[in-house]
Amino acid sequence: MAVATDRDVLYIEIAPTGHRGQYWRDLWHYRELFYFLAWRDILVRYKQTVAGVAWAWIRPAATMVVATTIFGHVARLPSGDAPYPIMVFAGLLPWHLFANALSDSGGSLIGNANLIAKVYFPRLVIPASSIIVGLVDFLIAGVLFLAVTLWYGVALTWRIVMLPWFVLLVLAAALGAGLWLSAVTVRYRDFRFVVPFLVQFGFFLTPVAYNSSAVPLDWRLWHAANPLVGIVDGFRWALLGGAQSLYFPSQVSAVVGVAAMLLSGILYFRRTERSFADVI
Amino acid sequence: MDPAISITALSKRYRINGSNPGDGLRHAINELALAPWRQVRRLAGRPSRSIPPTSTPQEFWALRDVSLDVDEGKVVGIIGRNGAGKTTLLKLVSRITAPTSGFIKLRGRVASLLEVGTGFHPELTGRENVFLNGAILGMKKVEIQRKFDEIVSFAEIGAFLDTPVKRYSTGMYTRLAFSIAAHLESEILLVDEVLAVGDVAFQRKCLGKMNSVARHEGRTVLFVSHNMAAVTQLCDRVVHLEHGQIVRQGVTSTVVGDYFAATSAHGASRHLAGVDEAGRKQPLWFCNVAVLDDEGRENAALRFDAPFRVRLEYEVPEPTSWIEMSVRLLTADGRAVLTTMQSDLAPEVVRQVRHGRYEITIPFPARFLMPGDYVINIASHEPGGGALFELHESVIRFTIEDTGSSFARYGNHQANGLVVMDLPWDERPLSNHSSIAIS
Chain A
410 MAVATDRDVL
420 YIEIAPTGHR
430 GQYWRDLWHY
440 RELFYFLAWR
450 DILVRYKQTV
460 AGVAWAWIRP
470 AATMVVATTI
480 FGHVARLPSG
490 DAPYPIMVFA
500 GLLPWHLFAN
510 ALSDSGGSLI
520 GNANLIAKVY
530 FPRLVIPASS
540 IIVGLVDFLI
550 AGVLFLAVTL
560 WYGVALTWRI
570 VMLPWFVLLV
580 LAAALGAGLW
590 LSAVTVRYRD
600 FRFVVPFLVQ
610 FGFFLTPVAY
620 NSSAVPLDWR
630 LWHAANPLVG
640 IVDGFRWALL
650 GGAQSLYFPS
660 QVSAVVGVAA
670 MLLSGILYFR
680 RTERSFADVI
Chain B
54 MDPAISITAL
64 SKRYRINGSN
74 PGDGLRHAIN
84 ELALAPWRQV
94 RRLAGRPSRS
104 IPPTSTPQEF
114 WALRDVSLDV
124 DEGKVVGIIG
134 RNGAGKTTLL
144 KLVSRITAPT
154 SGFIKLRGRV
164 ASLLEVGTGF
174 HPELTGRENV
184 FLNGAILGMK
194 KVEIQRKFDE
204 IVSFAEIGAF
214 LDTPVKRYST
224 GMYTRLAFSI
234 AAHLESEILL
244 VDEVLAVGDV
254 AFQRKCLGKM
264 NSVARHEGRT
274 VLFVSHNMAA
284 VTQLCDRVVH
294 LEHGQIVRQG
304 VTSTVVGDYF
314 AATSAHGASR
324 HLAGVDEAGR
334 KQPLWFCNVA
344 VLDDEGRENA
354 ALRFDAPFRV
364 RLEYEVPEPT
374 SWIEMSVRLL
384 TADGRAVLTT
394 MQSDLAPEVV
404 RQVRHGRYEI
414 TIPFPARFLM
424 PGDYVINIAS
434 HEPGGGALFE
444 LHESVIRFTI
454 EDTGSSFARY
464 GNHQANGLVV
474 MDLPWDERPL
484 SNHSSIAIS
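If you read the sequences in order, they're chains A and B.
Our numbering runs 409 ahead of the 1-based position in the first sequence.
Our numbering runs 53 ahead of the 1-based position in the second sequence.
Don't read these hints as lab results, they were simulated from the structure.
Positions of the beta carbon are idealized from the N, C-alpha and C atoms, including for glycine.
Among the clues, some could well be false.
What the hints assert, rightly or not - One-sided and incomplete, this derived list gives chain B residues near chain A with beta-carbon spacing under 10 angstroms:
| hint | residue |
| --- | --- |
| 1 | I60 |
| 2 | L63 |
| 3 | K144 |
| 4 | F156 |
| 5 | R162 |
| 6 | E168 |
| 7 | E240 |
Unchecked claim - The following label-pair restraints were derived from C-beta to C-beta distances:
| hint | chain 1 | residue 1 | chain 2 | residue 2 | range |
| --- | --- | --- | --- | --- | --- |
| 8 | A | P425 | B | E412 | 56 to 62 angstroms |
| 9 | B | K219 | A | A564 | 45 to 51 angstroms |
| 10 | A | V552 | B | F156 | 51 to 57 angstroms |
| 11 | B | G271 | A | V688 | 35 to 41 angstroms |
Construct the entire structure; sequences and hints are all you get.
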């Protein structure tokens with residue numbers, strides 16, 4: 410039986426204030442749990458559904474049709490030089506990724522309450538792993554997006570190499586906000602009702618169904634205060650090429666805003682984490 | 054060498070009312086929301102009903118100043134009544150919750166088993182859940198893969214491996230869950246009451262597994278249980294917690310014995326009406342019945358491996374003879390084990406003339422009654438089945454605790470019989486190539 414030899418005996422100290430170095434070491438030790446929890450969420454997501462994975466296509470496709478009809482044909486908003494449906498779809502990709510990841514990670518601690526009450530592991534694993542499902546849906550929707558661009562004959566450009574950077578930004582934004590929401594929901598269940606609100610308002614405050622160029626110049630700076638504006642613009646810039654442009658303030662806002670949200674989220678999470686089991 | 058677990062002045066405080074500091078925000082929001090309403094009431098001329106200040110949260114110390122060292126390879130039982138702090142202690146050592154003050158030092162990886170099947174997902178198959186649950190309990194993927202076959206065969210789920218666990222019976226579910234936990238490779242294992250589940254045969258298997266984990270693999274185990282049979286069988290030392298503090302710790306048999314004495318003194322004796330004031334005529338009146346442990350204390354929780362006595366007090370108001378008393382011992386579910394009468398060994402006693410108050414004690418040998426719950430009936434009657442003067446049914450209830458019978462591993466003792474006898478098995482070879490080896 411493999412009992413640790415002296416070389417790799419692990420010393421653990423438990424004190425009221427916690428032990429910082431130990432925490433990150435534990436997080437590394439539990440990296441496989443991160444993978445298994447994400448794997449579980451993915452496996453379970455489409456179990457006992459008829460349409461299955463197709464849901465990852467149905468949602469953006471339906472939204473694209475509705476948004477194109479209302480904003481493109483009825484309101485006649487500009488779309489740059491890309492066809493309106495593609496312009497919307499390019500915005501839906503990051504938006505759905507953000508919205509799904511945020512909802513999943515925001516409710517993740519409550520959803521795994523019995524794990525928290527019965528087993529130890531760094532709690533950060535839970536909200537972090539729960540954003541992976543959103544990422545998988547994103548990749549599946551991405552395939553549909555490529556098909557649609559082919560249909561419309563829109564060619565991808567070199568700018569696509571920048572796409573991973575923007576994907577990273579979305580994930581960081583969702584994780585930052587998810588950490589805050591999940592930690593605060595452990596104590597105040599009120600915040601379960603906040604997430605749908607955020608998602609609903611965010612859809613309009615972020616240029617998903619319309620193009621940033623439709624925003625009046627006077628408002629542009631205020632509009633850019635929403636870090637997601639820069640991210641969605643970035644997606645369009647990277648995917649559609651041509652007339653899609655990057656507005657510098659919104660790019661700064663995205664990077665600074667996301668970094669601030671993620672760092673403060675981690676700090677707040679770490680500070681409250683030790684009492685989760687007592688409160689949940 | 055340092056102890057595997059070293060606990061120093063450990064305390065844990067909970068607040069009783071409300072959901073902890075959460076009240077801060079809720080109270081603030083309440084105040085805010087109620088403010089306009091109070092304005093309205095005031096304008097309407099109604100006296101404002103002031104909101105009472107929230108009482109200072111009641112504190113509750115689940116553990117207080119507990120210090121404990123556990124050496125490597127030892128199995129330590131933690132016993133105590135509900136709410137004594139046993140589970141809190143395990144939660145602190147396993148880092149599920151943080152202490153209010155004090156320190157714990159651990160040498161080695163810790164796995165805790167506070168319930169079986171934590172994190173099992175009903176939609177996933179048995180195979181998938183083995184990996185998921187293993188990872189949750191801190192196992193590496195390669196480790197799980199290496200032990201996979203062992204886990205599955207220990208769990209005896211065979212063909213159902215690829216069925217979602219929501220279709221499992223409770224027994225299969227529990228077996229699979231325990232099997233995963235039993236194959237953890239941590240140096241320190243924390244176990245809470247998990248043996249209380251599952252069927253008897255599997256419980257037995259689990260006890261065996263726990264035993265081999267501790268004895269042969271040199272791992273340190275903290276074991277919380279109400280099952281004294283399991284504690285006695287598994288543990289080298291026992292810690293008795295009460296109200297969050299250690300009452301006693303030491304060698305298993307001593308601490309368990311004291312625990313019984315402390316927790317079950319009441320109920321071990323029963324006062325009966327005695328001579329009827331109204332003057333009903335009856336030749337004999339019972340006054341008191343009690344069961345006594347081997348140290349002469351009234352005690353309703355008796356050790357299997359120690360003798361005990363039943364004591365009767367009775368009164369004969371007028372000189373009387375031709376009277377017989379009997380005591381019947383039954384299982385708690387009503388099966389008679391034996392009946393003993395005063396005249397069994399002394400037939401002449403029924404002819405003696407008695408008058409006044411008497412005490413009788415009846416000794417029962419050690420290692421005789423099968424562990425379990427029993428009741429006593431007492432009666433007085435004419436010898437040979439004549440008139441019945443007095444009968445008290447189930448007048449006392451007591452428990453024979455399993456402090457080391459060979460049946461401890463099997464659970465459900467009374468299904469194996471009601472009395473225990475140590476009978477020698479005499480074996481001799483019948484052919485000349487028979488051989489016996491002791492491994």
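Tested hints:
no.: 1; hint: I60; in the structure: 9 angstroms, holds
no.: 2; hint: L63; in the structure: 9 angstroms, holds
no.: 3; hint: K144; in the structure: 7 angstroms, holds
no.: 4; hint: F156; in the structure: 5 angstroms, holds
no.: 5; hint: R162; in the structure: 6 angstroms, holds
no.: 6; hint: E168; in the structure: 6 angstroms, holds
no.: 7; hint: E240; in the structure: 6 angstroms, holds
no.: 8; hint: P425/A to E412/B: 56 to 62 angstroms; in the structure: 57 angstroms, holds
no.: 9; hint: K219/B to A564/A: 45 to 51 angstroms; in the structure: 49 angstroms, holds
no.: 10; hint: V552/A to F156/B: 51 to 57 angstroms; in the structure: 54 angstroms, holds
no.: 11; hint: G271/B to V688/A: 35 to 41 angstroms; in the structure: 38 angstroms, holds
In terms of the numbered hints stated before, the structure departs from none.
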